Amino acid sequence: MTPSILYTACVVGAIGLYLIMRPHRQATRIVGTIAGAGALAFIMVKILEGLDADAPVPILEVIFGLAAIAGAARMVTHPRPVFAAIYFVVVVVSSAGMFLLMDAEFMAFSLIIVYAGAILITYLFVLMLAQDATSTAGEALYDRIPREPIAALVVGFVLLAILSDAFLLVDGGVRPDARGMTPTLASVEEDRWMVLDGLPIQLKETVAELLDAEATHAPAAEFTIERVDGRAIRFDGTYASVDVKIADESRNLVLPVSAMPTNAQLVGWSLVATFPVSLEVAGVILLMAMFGAVVLARRQIDLGEDELRVAAGMTPLLEDEESDFAGGSS
Amino acid sequence: MNDVAVSLTQAGEASTMVPITTGTIQIVLLVSAVMFAIGMVGFLIRRNMILMFLCTELMFQASAIAMIAFGRMHLNPEGQVFVIFILTVAAAEAALALGLVVLLYRRKPTLDAEAWSELKEC
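Here the protein sequences line up with chains X and D, keeping their order.
Under our numbering, think of the first position of the first sequence as 1, with each following residue one higher.
Under our numbering, think of the first position of the second sequence as 1, with each following residue one higher.
For the record, the hints were derived by calculation from the structure and aren't laboratory data.
No experiment lies behind these values; they were computed from the predicted model shown.
Among the hints, erroneous ones may be present.
Pairwise CB distance ranges (calculated) [claimed, not checked]:
(1) X:Arg298 / D:His74: 43 to 51 Å
(2) X:Ser250 / D:Val18: 56 to 64 Å
(3) D:Leu100 / X:Asp171: 37 to 45 Å
(4) X:Met128 / D:Val18: 42 to 50 Å
(5) D:Pro109 / X:Arg147: 18 to 26 Å
(6) D:Val18 / X:Arg147: 45 to 53 Å
(7) D:His74 / X:Gly50: 16 to 24 Å
(8) X:Val295 / D:Met17: 42 to 50 Å
(9) X:Ile34 / D:Ala115: 30 to 38 Å
(10) D:His74 / X:Lys204: 25 to 33 Å
(11) X:Val272 / D:Val18: 23 to 31 Å
Positions of the beta carbon are idealized from the N, C-alpha and C atoms, including for glycine.
With the hints as constraints, model all of the structure from the sequences given.
Rendered as structure tokens:
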């Protein structure tokens, strides 16, 4: 794939999005959808063509990606705000599917719970609270006419051209198989076993289950896990094992792969062990947002800026229905 | 003794961890770039204040996909931890932004961002 193909596809995609922006012209919308989807599909085909012949085709990623992008395009162009919010749910669900495909199960489900469940409901609630009285059939004038569409498209798609150039073309694109790009699987596995090493209760339960499985006919004996330099798990590149001491007899026990920490455990460990300060800061951010929301919600009871100006004998900043309040106080 | 332990705990099963393929990560990164661009265009063209903030959520979403993809590529959970922080910021932003929008709506009963263009300097 050459840069000119990529940039041409970006231009075609921008034209397609521009045509979708006209909400009440069915024909241009169809042409725009075909142009945008065609440009996207063309680039995806070009990516897949550049791979080795025996490489698996990521068909599910393509499907979820197309669904997410279609939902996003419809969301930014739909004239009805509530429908736009519903299309955002399509985006959230599709990207949760992509998260699942990339072994991020915990984040996939928390995305659906937090975004589709909590944030989207808040948005829908405020949208319904603040319905425009002058709108006809739920479409306000400001939702039908886009603001500065050409300039916005130029900015957005120049950014897209640069981003996709960096992802797909510079130095042959992002290549996980290139030397030094990704760690070896053995080192990754060692890191994960070391996480289990940091969870002594779970390690002890795992060892107890292994010993129970060995001695089904007799109750498992009391055991202690031996630690060398504070580490219980030894990893030789293929198998992880622990030294267990049962009744003064020391033996080596190999851990099965199923004992490796799960994805959610790895995320939790990384959160508290690698980024503890960021976790605290995130808590402070949430606390401050809560304070801010409370302060903003209380503002409607307090006097606004104009009323304060009127009370101080100055003219109000805004000339609307509050001006008769000024007449009453003077 | 060691050999007995190996046979008893079925240690022969191989780890299921596989590196991500080039096609997968390039497709996913392309999707995230396109979503970010669409979200940015949406933020600029929409005049409805609530939908402008919804478009920022779309941009958050796109960057979250990219972070998960890179975290998957390097096979470490730190990309996912970053997404947790993104969710935190998105939730805080939604609470504050929607509170502000409701306040503005009380002042002028419209969601049009142009109605507040007098806040511009020129």
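- In ascending order, which of the hints set out earlier in this document are inconsistent with the structure? The structure conflicts with hint 2 only, although it agrees with all the remaining ones.
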